[in-house]
Amino acid sequence: MTVQAHPDSSHEEHHPRLQHHFETMEQQHEASQLGMWLFLVTEILFFGALFLAYAFYRWLYYDAFIAASHHQNILLGGINTAVLIFSSLTVAMSVYYSQTNRRKGLIVMLILTMVLGLAFLGIKAVEYHEHFEHHLFPGPNFQLPDAPGLAAQAQMFYVLYFFMTGLHAFHMIIGLGIYTWLLIRAMKGEFSSVYYAPIEIGGLYWHFVDIVWIFLFPMLYLIGRHY
Amino acid sequence: MTTAVLDPNHPLESPRKNYLNREYGVLSWLLTRDHKRIAILYIVSITLMFFVGGLFAVLMRLELLTPQGDLMTSDTYNKMFTLHGVVMIFFFLIPGIPAVLGNFLLPIQIGAKDLAFPRLNLLSWYLFMIGAIGTFVVVMLGGLDTGWTFYTPYSTQYSNTHVTLVTLGAFITGFSSILTGLNFMVTVHRMRAPGLTWFRMPLFIWALYGTSIIQILATPVLAIALLLLAAERVLRVGIFDPSIGGDPVLYQHLFWFYSHPAVYIMILPAMGVVSEVIAAFSRKRVFGYTFVAYSSLGIALLGFLVWAHHMFVAGISVYSALIFSFLSMFVAVPSAIKVFNWTFTLYKGSVSFQTPMLYALGFIGLFAIGGVTGLFLAALGLDIHVHDTYFIVAHFHYVMVGGVVMAYFAGIHFWWPKITGRMYPEWWGRLAALIVFLGFNLAFFPQFLLGYLGMPRRYHVYVPEFQVLNVMSSAGASVLGVGYLLPLVYFIWSLKFGPKAGPNPWGAVGLEWTIASPPPTENFHETPAVRWEAYDYNAFEEAQRDRAGTP
Amino acid sequence: MEHKPRTIEVESESEHMHHVTPPSLYYGIFAALLVLTAITVAVAYVDLGWLSTPIALLIATIKATLVILFFMHVRWSTHLTWVIVLGSFLWLGVLFVLTFSDYFSRGLPMN
Amino acid sequence: MFDDLPLFPEAASSVARDVDQLYWFLIAVTGAATMLVIVLLITFAIKYRRTPDNEVPDHEPENKYLEYAWIVIPFIVFMVIYVWGAQLYFRMNRPPDDALEVWATGKRWMWKFQHIGGQQEINELHVPLGRPVKLIMASEDVIHSFYAPAMRVKRDVLPSRYTTLWFEPIKAGRYHLFCAEYCGTEHSKMIGSVIVLPEPEYQAWLAGGTAASPLEEGERLYTALACNTCHAAEGPSARGPSLNGLFGTEVRLRSGQNVIADENYLRESILNPGAKIVAGYDAIMPSFQGQVDEQQLIYLLTYIKSLGVTGGAAGQPEAGSTLARPESGAAVAGPAARAAATQAPDTEGRP
Ligand code: HEA
Ligand code: HEA
Ligand code: CUA
Ligand SMILES: [Cu+2]
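Protein chains in written order, with the numbering used here: chain X, 50 to 276; chain G, 158 to 708; chain W, 4 to 114; chain C, 15 to 365.
Here are the simulated distance ranges between beta carbons:
{"hint": "1", "chain 1": "X", "residue 1": "His119", "chain 2": "C", "residue 2": "Glu264", "range": "25 to 33 Å"}
{"hint": "2", "chain 1": "X", "residue 1": "His64", "chain 2": "W", "residue 2": "Pro57", "range": "45 to 53 Å"}
{"hint": "3", "chain 1": "W", "residue 1": "Gly52", "chain 2": "C", "residue 2": "Ala238", "range": "41 to 49 Å"}
Partner residues aside, some chain X positions facing chain C, computed with beta carbon under 8 Å:
{"hint": "4", "residue": "Leu109"}
{"hint": "5", "residue": "Tyr110"}
{"hint": "6", "residue": "Tyr111"}
{"hint": "7", "residue": "Asp112"}
{"hint": "8", "residue": "Ala113"}
{"hint": "9", "residue": "Ala196"}
{"hint": "10", "residue": "Gly198"}
{"hint": "11", "residue": "Leu199"}
{"hint": "12", "residue": "Ala201"}
{"hint": "13", "residue": "Gln202"}
Subject to a maximum C-alpha distance of 30 Å in a straight line, what follows is the list of computed DSBU-like cross-link-like pairs (lysine-lysine):
{"hint": "14", "chain 1": "C", "residue 1": "Lys78", "chain 2": "G", "residue 2": "Lys505"}
{"hint": "15", "chain 1": "G", "residue 1": "Lys657", "chain 2": "G", "residue 2": "Lys174"}
{"hint": "16", "chain 1": "C", "residue 1": "Lys61", "chain 2": "G", "residue 2": "Lys505"}
Worth flagging that the hints you see were computed from the coordinates, not collected in a lab.
Cβ atoms here follow ideal geometry from the backbone N, Cα and C, with glycine treated the same way.
Can you make the complete structure from the sequences, with help from the hints?
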């Protein structure tokens, strides 16, 4: 392994993955890591603005939001939370396996992650289907039979619900795309303990999407529901 | 512009290969990852956008010559100012200095071979172009009439123009902006040359760094606001819709959370350019370097705390207005720091008056006027009267046209020899600078008077007593237009006929002046070491002599 | 370029910047996250009055912090990463606080 | 020459002079600062222009004290500006208790005004000289903005709730009224006049013609829309809370919050009843969104505000403003009745 050479020596042999404008692998790795973090900053504010809208309307239309959230399926939401947490574990392990040069482990973890991601989307689709059946999709057909007086503002809840979970699901789909690409490269054996930045920053992205859900779950399913 | 450069029959007679003549063919440009070539791509597209936006302005000013609104229908006029605003802001001024000058210079000024993510950089340009082309398509399809602010519920429920398309275009362009900022920030953090500590960096880099912070933190909020808007328009129900209890003012909060900081996305790089130019043409370190550097960060961060000063009469709470007005006063302080420090840079300097310097001096004066009128607006009791009148229009053209565009011109003239290897004709340059300055003031000073008199903005017809001032303004705009066309002509002329420029035509300090004009593709043959403080003329000259002496 | 498994110790010597987190820690965090999820669901069925929302959000914040610190390795990252992470949440806070400064003070008396 | 080139707007309201004072102050202070900068720039530029013996100047050390000076001094100036502007704004946002209330509705592209005595006007607003006027405004469609430059007042008119604005005319005459928030095709033609009349002429104008009194209209609507089936006009009823004496009091909501029952609360209760539920009641009230327009809302609100006021309103927290209403109403009750048969006043304004 070339890494055995002194790491901060600039005379290090050129790794094939070192781009021309960087001096060392170290510098390249740090740059992509920093880049990903900055991207996540934009994501935080992206979702954050939606959270603001949610917080605002929830504060304004408290009763309606409570009534609306009673139509959420805690079981499915809870399972999905567990699924995502599990996928975060596999992602973390994929970083570990690439750091320790264990290709098989890496590939297994990447596949597991994708399977879990798909499971999440599947369950989400079931939930969406339920909502459509119950006329909870915002628009002219929206109904809230148990509290018709609250229907208008409950619709606000569902606009936010579909927007937030939809955007989240969209991020999952992008994540699946990224993981497919990582998987292909991993199978080609491109990653090693010297070069695993793509695995790591892909992982950062996935964890972030997971964190968004960690907040969405209580906000959209749980709070204020006590039976 | 590129064609002349590209033309294989007229290569720039540079002794060596440089980034311009290294490869030929359209694809070598469209697929390039060289930050310098990407900068050229931006120059071309942004210049185009500027003249398109300018064309809309000219048509508006023609219409406003008479009070009756007889040149075009009111719908057409409404589309004019909307497209003028959208094109100028999202497609010219926000990308302007960072994407052109920043792209070209940032890696060179910090001694790097390229930006950290060259492919991302190219992607930014493509995203920008997608947004721009989308906007052109909208123009073809019949335009947009919401004003550049897209206020709901007009934009979501009433306008029957192509709001969805434009918001999506602006959304995509927003990502271009985010990625540029991200790229710059990583580059500054991770790729500075040895010896280039933070407080040895040129002030332009500080300014771009501040700009990047804003781009990263603010743009996503606009993105989400526009997405919500588009969704509401498509689904016909959304979170700003009053009929389900939505609050249109919430949209304004989200919009201005971005759009106020966005005005600093425009002005900060401009201030960076001016710092460079003032230093170069006074042959002096910028007075109070550290204060100027920190004030860039100060503007970037404080700029986030003032957004609701655009909403003083929109129905926000009185107490909230008090807070935002208070914070608006804070954000003016770092600007004041800069203005005074630039002024004192001239003190005991060695001042020469080439074109870039003329623009820079013009910038300081006009920005000061534009800036202090910002204080008028931030003063609550007064804003009630002047909000949404031509006073606002005058204020923001003073800071944006008198400020940012002036600085953009200063920068383009300053670095033109570096970018193209050619000098522009100095005499014409000075003449154009003079025309621009005079035309500008004639065009926009009367608007302050109009505004205080009470002429609302976005008015197609107006009451007759405002006519004289409007005619003055239109006359000024024509002069201004001539002033802008001149550089276009002589820059293109200079590509072929301009005298060749040496590596350091102005005798300025900075890494970009140590390499050939135009620079080679890899910028530096070997990583430079920086041994001088920013703008330290003596140490810089010594270092250059050393380098020449030890081949 | 043989990819042989190595021990963590050897790795952390050669790659001094990059921390390799032992899997046991990952498993621990995973378990903690699941437990916290269970708690937050359970708490949702108890009437805690006005406390229910803060508690749910507190648990979510703890979970997010665990993910950020350990799964995302911020615990072992540079100061710059800390600044970026904290800064972004701070800025989100600015958005919230100043926007609500409008809405919360709408009804205040003007005397 | 001076006739077609006005340089300063007329000052026709009590705050106009104060606004202008602030304006002149700002011009003086910022003008001085800007002039200082420009003069220094020009002086330095000429004095230290490049000469052969001044090619590269000496290194000039930084001067901390100078830096602090131009941080602190402008800041102090800014704070003065802030305090001045804030005080003015505060005053301009607090209508006097005895202000004459006028309802205003923005609609693409016209202004409608509803006087308390029943007079309606379009694109013209008649107000008495020397008496504070308070506009309660809402929009039927998009956001508009009521702007009377001579009064130095402006306020956005929203589709989602009422906003208010007040001014006290001090000079009789006819002044511009503009819509200052872009609202579509004819935004620039959504203009009109504010006409300030001395009290006698104003009274005469009031007598000139009127529609039905808003109070009566409101009462009629209240029964027509069957509000009274749930909210009996007198005393409590089983299904909905009594609205007697409601206006201006504090209402306790089911969510535990307390809100003041002002115009916006009443409006929301009718259009979006689910938004705020009164403690002890269920959300059974249907929404009247789309069934009542802005004009009818004005009638309903006028009626609801009057409920319970007649019998001993002295104890009400908003006594000042509630008492003012019957007074001004009384002043026009006669003429209103007299002119009931005459034409609607819309004919005055353009359609
Ligand atoms: C480049 C763009 C730019 C810049 C830099 C600024 C700078 C500032 N702007 Fe401006 N502004 C706009 C672009 C910009 N603005 C635009 C586009 C709009 C309209 C948007 C729309 O509605 O379409 C707008 C509107 C706008 C409003 C809303 C008005 C309204 O709609 O009612 C306000 C209100 O506070 C405001 C304030 C300020 C302030 C306080 C600054 C400060 O940052 C200025 C600070 C600078 C100085 C103060 C000058 C230098 C200092 C000195 C010379 C020191 C000496 C001075 C003294 C001691 C007094 N601006
Ligand atoms: C970067 C920003 C920028 C720039 C550079 C400009 C430049 C100019 N603007 Fe712009 N303006 C805005 C940003 C900008 N503006 C914004 C954001 C608004 C608000 C929009 C809204 O309300 O939504 C606005 C609104 C606005 C109005 C108010 C409209 C209204 O409210 O009704 C007016 C009116 O005079 C105006 C005039 C001008 C003029 C005369 C120029 C001049 O400086 C332009 C000079 C340039 C030229 C004259 C081009 C030269 C070219 C030719 C002459 C030939 C063209 C020919 C070919 C293409 C072949 N602008
Ligand atoms: Cu109504 Cu503009
Ligand atoms: Cu602003």
